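Enquirer: Protein chains in written order, with my numbering: chain L, 8 to 336; chain E, 8 to 336; chain Y, 8 to 336; chain A, 8 to 336.
Calculated directly from the structure, the hints in this document are not laboratory data. Predicted model only: the values in this text are computed from it and were never measured. Quick reminder that beta carbons are idealized off the backbone N, C-alpha and C, glycines included. Hints may contain errors.
To be verified - Keeping only pairs whose Cα atoms sit at most 27 Å apart, straight-line, the calculated DSS-like set for lysine-lysine is:
hint, chain 1, residue 1, chain 2, residue 2
1, E, K336, A, K104
2, Y, K299, Y, K104
3, A, K64, A, K90
4, Y, K336, A, K90
5, A, K250, Y, K283
6, L, K336, Y, K104
Unchecked claim - A few chain Y positions that, by computed beta-carbon distances, are all more than 10 Å from chain A:
hint, residue
7, H24
8, L45
9, K64
10, N93
11, I94
12, K103
13, K118
14, S155
15, L170
16, K222
17, K336
Stated by the list, open to error - Simulated restraints, written as ranges between beta carbons of each label pair:
hint, chain 1, residue 1, chain 2, residue 2, range
18, A, G302, L, E65, 42 to 48 Å
19, L, G302, E, N194, 32 to 38 Å
20, L, K64, E, T253, 31 to 37 Å
21, Y, S100, E, E248, 53 to 59 Å
22, A, D296, L, N42, 38 to 44 Å
23, Y, K56, A, E65, 41 to 47 Å
24, L, G78, A, Q175, 42 to 48 Å
25, Y, I196, L, N42, 47 to 53 Å
26, E, D57, L, E65, 54 to 60 Å
Protein chains: 4
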Amino acid sequence: MNSYGTLFKITLYGESHQEAIGVVVDGMPAGININEELIAQDIEKRKPKDIGTTPRKEVDHVHILSGVFNGFSTGSPIHLMIKNENIKSSDYSHLKKQPRPGHADFVSQVKYQGFQDYRGGGRFSGRLTAALVAAGSLAKMILPFKFSNKLLQVGTLKDMNRLDEYLQDIVEKGDSVGGIVEVRVSNMIVGLGEPFFHKLDAEIGKMMLSIPAVKGVSIGDGFDGIELLGSEFNDVMTNQEGKTLTNHSGGTSGGLSNGNDLVIKVFVKPTSSIQKEQQTFDFEKGEVDALKIGGRHDACIARRIGIVLENTVAIVLADLYLINKAYQK
Amino acid sequence: MNSYGTLFKITLYGESHQEAIGVVVDGMPAGININEELIAQDIEKRKPKDIGTTPRKEVDHVHILSGVFNGFSTGSPIHLMIKNENIKSSDYSHLKKQPRPGHADFVSQVKYQGFQDYRGGGRFSGRLTAALVAAGSLAKMILPFKFSNKLLQVGTLKDMNRLDEYLQDIVEKGDSVGGIVEVRVSNMIVGLGEPFFHKLDAEIGKMMLSIPAVKGVSIGDGFDGIELLGSEFNDVMTNQEGKTLTNHSGGTSGGLSNGNDLVIKVFVKPTSSIQKEQQTFDFEKGEVDALKIGGRHDACIARRIGIVLENTVAIVLADLYLINKAYQK
Amino acid sequence: MNSYGTLFKITLYGESHQEAIGVVVDGMPAGININEELIAQDIEKRKPKDIGTTPRKEVDHVHILSGVFNGFSTGSPIHLMIKNENIKSSDYSHLKKQPRPGHADFVSQVKYQGFQDYRGGGRFSGRLTAALVAAGSLAKMILPFKFSNKLLQVGTLKDMNRLDEYLQDIVEKGDSVGGIVEVRVSNMIVGLGEPFFHKLDAEIGKMMLSIPAVKGVSIGDGFDGIELLGSEFNDVMTNQEGKTLTNHSGGTSGGLSNGNDLVIKVFVKPTSSIQKEQQTFDFEKGEVDALKIGGRHDACIARRIGIVLENTVAIVLADLYLINKAYQK
Amino acid sequence: MNSYGTLFKITLYGESHQEAIGVVVDGMPAGININEELIAQDIEKRKPKDIGTTPRKEVDHVHILSGVFNGFSTGSPIHLMIKNENIKSSDYSHLKKQPRPGHADFVSQVKYQGFQDYRGGGRFSGRLTAALVAAGSLAKMILPFKFSNKLLQVGTLKDMNRLDEYLQDIVEKGDSVGGIVEVRVSNMIVGLGEPFFHKLDAEIGKMMLSIPAVKGVSIGDGFDGIELLGSEFNDVMTNQEGKTLTNHSGGTSGGLSNGNDLVIKVFVKPTSSIQKEQQTFDFEKGEVDALKIGGRHDACIARRIGIVLENTVAIVLADLYLINKAYQK
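Modelling step: build the complete structure from the supplied sequences, incorporating the hints.
Expert: Structure (structure tokens):
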């Protein structure tokens, strides 16, 4: 269940404190110039560096172990590997005793009958998204579209010019905060998406909600459009390429891309790990007790998740793009 | 691309003005008592009858053509077929000339190179969801969970006691309106969902966004939780079964069910077909022109989409339930 | 598990004594002229009429219930349905007591815990292959290749001119006999097949061994080539299109089509149902006892299985053809 | 297309002259003791050491990079990696000029438009089967069955006691020879296999024909049973566990395991690379010309392919075993 895609298909593996994480990218067309610099640039965007992100350092060099020859894709699976370095596995055993609120500690203990690798969140760690970013860089290399992402809101803050100040305050309180991120894809073509169950909206929804901390997704206005009437929500088509006056639908009609910008909004919940003391059930004591989580965590993962969302949208589009190509004359 | 699921797998076919729509349900365990009355009850819930729903009559009798013997499932695929009756195909050819705003007319024309069956929306018609409701009834027969759905909001209206009055006004204006629907599943077990790409959140997201008119989905608070800090959003676990004080996460942690109620919110856009005159690009005239859509349409599809969402959530859960079963001791 | 294919995907349902059997063909390109006459011709080839085939009459009219509009495919799933007519379900309950040798009676009883529809072989009946023939007719409509099949051997007989005489003798003995069938595809292109697990050889192997009664498959010489040395088996390439002097490899190299004729040999076991008295374990008596099977069966199913094998090879090729198309410049 | 399986799912990557080959094993249940010694033993069995196998040395140490913690599987994907060591990539460019008979040189050149990694056979190299052997070792760890394999025939030789002498002669001639290998699985249970398209016979056929050099597969007697009548071929059931007097069917009925030994015969063609001079089309000269292949190759790959076939059968069974488990009470 760690694979995604039909033709452009990725398989993700790894846990945060094992030897490596990585992704096998299958279905990459042969003859694509694999620009390692572009991969490195995307990986860089994911790195913590601003206020509200973790002070941990992550090297995250992406090793290409197969599928590229003389700088070009060979048509074979491309294995991208990132070694887990600078990991401290000293002591995580307390997680079995006191499951952290908002984390997968309890559910994974039940599902994997105690055999899960609980160190650093194991396979539920946000760390695995580094491999997804790299896979998404490859996806972008076969797509003629233009990708971007931006923060729309963080907690109660909508004016992103005041973000540092706002997050500094959250950090000092030992708390965390969520955000809303927009991903936008321009220069789209008409017709991507495959009814009934591989519609563009559906595949984006699936992918976004696979990313740790994401708890909501919408295409176009989404929930914000609840007060509009049909006569307002309907986007009026203005030329034969399908361009519309407004874009409440976010670039899809009937689950297919309609040529307008694809606009996705994603809700990222507040980071579960906070410095502040919390309550949880203590399995040794058999009662609710106080919990204090150590470590150095992101106070606002929304601040650096943008490239993850952007690149995983690219993975979705690469797959639908190849499928669509099979049906062109 | 018209199949969904890994073990409990459905394949949907049909177009609104062809002979029949239907669904093949594969992976149903043998020996399940197939209660046709329950299917009929769910189908009934989808039928238009209230203010704001179409005055069209839909018979929608579900024929079981295979996979059931002496009232029990045989372990073979169950084919559920619904005939298309009382259809008028008189004249839909104008859709090629004037694509309706918010509809798939234009994108399907491009994607299927003009060969799509455009009558009554064809395969993009909401009609196909009747077959999904029936498939979901089968899914519920193998699940020990309790399902429900309710309307949270319609347009600007949050007090559902005033719904008839509110919608009567919309209907009279010849306009339409969207809604937010909640699906809730109780008596959940811990551990449903398969990381990384078959997480419970992700599969629900995919399924909800496959349903026509759905443009947003969230698990738990979703976008409404944007103003909460981590210390508020984190749900405190209070016993060894994983019950939590609050349920901001909507019943999942790390993409796995955590034993609390699964709570899903879905944004349903205003129905695209409205009585009011609209504008669209006219391919014959080569310019934007006025468009008037005839027919009798739902002013608020959100009012009867609840059972569709509920039953398709059941389909998702049936699949994850069987997968989970393969890994139990 | 009743679906096959990645882009050209079929879903098969039905049991021999239920209301209908059928197949949903998903992924058919839009705009293909659907010639119902060609489907009927292929269905006709599967019908019993010669010595050694059952005297039962099968109407097998193929109803198209979706996905075709004005004679052309719409890009939606095409549902092909064949009603089960003239079925006699009088009494099959003895099969639970005395499982027939060579049949699935015993294994399906165990697997489906007694809930299987055992009438007429249920889902294990050769009858389902009628739907596959119809699906294969659609597959051929999108392929530029030329298909044929022929009997190479029946029992000890290799001279097919004496087939009627040979089989008449088998019928009179109340026995049955197997055969070896060759399927040949000409006008092939280079490059069909997707390593590592969707190689052309592998997909053909899977499909052939899905057909009831098939117990062996080879590409090219297969087992008959065991005595050849490498210097003899290797096919010498003679021009830049890849044509070879010999065709021991049967048209594939490295699991990809090499442009030469695709040649497949299939071993079809003797029909399990014979008139002659046999022995089997009697679950009521708790000991081995004599068994006499009534009904009118094929003495040599190999005689009419050719079109089934040919058309299911077409299904395999249609899928690989579309996948290959996604990677063409 | 480099993934196999539904629940127990493997993804294979690598080319013979790149940095590494490997396999991601997804769907391994948590809590399985991962015995690395067993993996090493199976890998050892694949190594060339006898007359007729290549004098090349292959280290083939299997690195486990994820999914195992404290010696037990965690429920996450297990990544098994084997580094490519001692590779000489000096000069393979002549393969583009003179495609080797029996190899994928020509077809991969066409399919991958010249971008394939042609060194050492690239992804078509038998080398990738080392990773499959390792994955199969994991599969065996969850299965209660007993696996074995043996050579039945090599070229014209059926008396395996004279194998060294026979192959010495082939080697001296600079030629190669094929073989027939039997894989046997004992202690089987009843009911593995999922009609219609995941029957046990079908999945085995697919897997065997995925392995380089395999060109034929049969279950039970297969083609050797062509002269038997139905009354001889039918296996008589002798007890309530389904044991049969004979095993012409090779342990399956209706595509499901029937509890008797699973018996598979596989035809392995003569190794394509031979020392002897051959003919092929020369793309530079535009005509057929002599070709001399250097390097040190297996004269009889059938001699060491047994463990590959055995372990890939285990992969098939592990998948069907987990699927079957999902449907047990």
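Enquirer: If a hint holds in the structure, say so; if it doesn't, say that too.
Expert: Hint-by-hint comparison with the structure:
1. K336(E) to K104(A): violated, 57 Å
2. K299(Y) to K104(Y): The hint holds at about 13 Å.
3. K64(A) to K90(A): holds, 13 Å
4. K336(Y) to K90(A): The hint is violated at about 34 Å.
5. K250(A) to K283(Y): holds, 22 Å
6. K336(L) to K104(Y): Roughly 57 Å between the alpha carbons, so the hint for K336(L) and K104(Y) is violated.
7. H24: About 16 Å separates H24(Y) from the closest Cβ of chain A, which puts it past 10 Å; holds.
8. L45: holds, 24 Å
9. K64: Given a closest Cβ separation of 23 Å, the condition holds.
10. N93: With a cut-off of 10 Å, N93(Y) remains clear of chain A, as the shortest Cβ separation is near 23 Å.
11. I94: Its Cβ never comes within 10 Å of chain A, the nearest being 20 Å, so this holds.
12. K103: Check passes; 12 Å lies beyond 10 Å.
13. K118: Contrary to the label, K118(Y) does not stay out of reach of chain A, its closest Cβ about 4 Å off (not over 10 Å).
14. S155: holds, 21 Å
15. L170: holds, 15 Å
16. K222: violated, 5 Å
17. K336: violated, 8 Å
18. G302(A) to E65(L): 42 to 48 Å: Hint holds: Cβ distance 43 Å, inside 42 to 48 Å.
19. G302(L) to N194(E): 32 to 38 Å: Taking Cβ atoms as reference, G302(L) and N194(E) lie about 36 Å apart, which means the hint holds.
20. K64(L) to T253(E): 31 to 37 Å: holds, 35 Å
21. S100(Y) to E248(E): 53 to 59 Å: violated, 46 Å
22. D296(A) to N42(L): 38 to 44 Å: holds, 39 Å
23. K56(Y) to E65(A): 41 to 47 Å: violated, 58 Å
24. G78(L) to Q175(A): 42 to 48 Å: holds, 45 Å
25. I196(Y) to N42(L): 47 to 53 Å: This hint is violated: roughly 32 Å between Cβ atoms.
26. D57(E) to E65(L): 54 to 60 Å: holds, 55 Å
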